[in-house]
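Chemist: Model the placement of chain B on the given structure of chain A, informed by the hints.
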Amino acid sequence: MQHSVSIKDLSLNFGNVKVLEHLNLDIAQGEFIVLLGPSGCGKSTLLNCIAGLLDVSDGQIFIGGKNVTWLEPKDRGIGMVFQSYALYPQMTVERNLSFGLRVAGMPKDEIARRVARAAEILQIQPLLNRKPANLSGGQRQRVAIGRALVRDVDVFLFDEPLSNLDAKLRSDLRVEIKRLHQRLKNTMIYVTHDQIEALTLADRIAIMKNGVIQQLADPHTIYNKPTNLYVAGFIGSPSMNFIAGTVDGTTFTAADGTKIPVGAYDFAAAPAGSLKAVLGVRPEHIFLGEDADDVPYRTTAEIEIVEPMGSETLAWTKVAGIPVTFRCSSDIPLNVGDKVTIGFDIARGSLFNAETENRL
Amino acid sequence: MSQTATMTGSAPVASGEVVEARGPRPKPFFTPRKIIIYSVLVMFSLYYLFPLYVMVVTSLKTMPEIRFGNIFALPQAPNFDAWVKAWTSACTGLTCQGLSPGFWNSVKITIPSTIVSIFIAAVNGYALINWRFKGSEIFFAILIFGSFIPYQVMLYPLVMITREMGIFGSLQAVILIHTVFGMPILTLLFRNYFASLPQELFKAARVDGAGFWRIFFEIMLPMSLPIFVVALILQITGIWNDFLFGVVFAGTQNYPMTVQLNNIVNSAQGTPEYNVNMAATVLTGLVPLTVYFVSGKWFVRGVAAGAVKG
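If you read the protein sequences in the order shown, they are chains A and B. Under the numbering used here, the first residue of the first sequence is numbered 1, with each subsequent residue one higher. Under the numbering used here, the first residue of the second sequence is numbered 1, with each subsequent residue one higher.
Excised from the complex, chain A in its bound form (with noise of 0.2 angstroms):
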């Protein structure tokens, strides 16, 4: 099978620091990938090799089945979109939209199509004679957007898009990103450090950490099944609870001594024998009260904080003298110092060795 863009051993290096190291990436067509991490994790690196930003220092990538490695960034097939938008602040919306036609040397009817076009699909027909001075930051990101849509490109790479806009237009601007993705079909890269922007956006999500792609799955994986601590530790908000301890066959027991039966966990590898380990359970799988009636592990525990966030309320505890959080419907009249009833949902939670950090 053809691949829209494939990565093939890349490195590359700053000197004497690797930002990325042998990294492969096999992008389908029509594909939403998002590369997600902390900042400093060579995710933005990334897709500026991609784009022929930066020169690689070693390893090829491909564009369409065509070797890009030594191609100007025109010549690759790609658009971009910035975090700063990048509009040309002296060119009205118009002009910014039609410069890489321009430069291009296309003709004028040409042109003039492939922008009003992009207009059309983005909804920024009357701003076309405004200066990206006079257009909000809603707006000016969807220009950027439109100078990347009129190239008429297999490949979108985004670069934080979403990261100088307000809480409220992201929000707004991630649905029509995804909007825009149903309606073109093309292959879309999305860099980002929110980890909802990658799980609404993406088909699949590359997690990386130090230039290494850690996990590279689809959302629901991700989530649910976390590779390694670091993924389960990153992905999610409020994040997993880990109790550390050993495990040996089905019992898990916690560094103060209590136990947890996980025979219902679904391991990879079964350990021989005992094993250090961390349990990892979401503080959406925590069950209170009744609810907890049918799952393996039961315990009474005191309410320390409570969160109240509208739609659901988080509550603060401790098990086997270890802080965790669950959450809980908001209707659920909780005070600070209330003895509840909660069950761990083994059989979602996940299971790492301590030494490896690997999924058990």
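Derived from the structure by calculation, the hints contain no laboratory data. Hints may contain errors.
[Said to hold, decoys possible] Partial list, derived from the structure: chain B residues whose beta carbon lies under 10 angstroms from chain A:
#, residue
1, I149
2, M160
3, E200
4, L201
5, R214
These numbers come from a predicted model, not from an experiment. All C-beta atoms in this analysis are idealised placements derived from N, C-alpha and C, irrespective of residue type, glycine included.
Modeler: Only chain B this time, still in chain A's reference frame:
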């Protein structure tokens, strides 16, 4: 019956009551702090303005009046004879045509030097920031180092170089020298300014397919007006005020205004005509003075913009 009750309803406002704080805080003008600041400012401006005052009034006096010695007094009958003489007929060495030939020589030197040096420096700064090449940092360091070397050290080699080029003693020679010596500081200025522009703009233009010159002319230049104004001011005033390069490289036919001014003021023959000297000096300083007045706001803004990022 109930009428009496209302009598005590409203309490009279006590006079001398402390005003409750509300709205903008009052800002009294005559505070000790402000008085000190303004008096220092006034003193310093007087200190700088006084020589100018003496020059202007002296230039409007006649020689007999000057000989009375009241240099601070206003002229009894202001006249512009000294100014006319300074411009048209004062003796600058062998010729007696006043400063006007020197003025035009200065114009002929300043305009091309300014344009050429600014253009090259702008391209340099742009390339150093956006098109980093192997050794670009070292190149920049060497260029900056050049600005620390005193001009005098290089004077003699430069004379030989221009002589070998066959342009010594001509306008081209002065223009070349001014362009070369403007390079370090101007390149630094432009480099820092371009560094302060968002890098993503440059990336976006590259994705759009624009090349070196296209990005420079269509993206970078339109955003660089403030720094161009700063460079213009620096170069116009610097080159206009230059004496050393003018006297060494231009040749007697092309002496700039500063050199001719020197020749008027320092002429050893006859009695010194203070009023003509003063008028000639003010005339020579008029161009830089105008440049500062017209562009002061831009100058401050540009220097601030250029200085932020290193």
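Chemist: Honestly, which of those hints from before does the structure not fit?
Modeler: 1, 2
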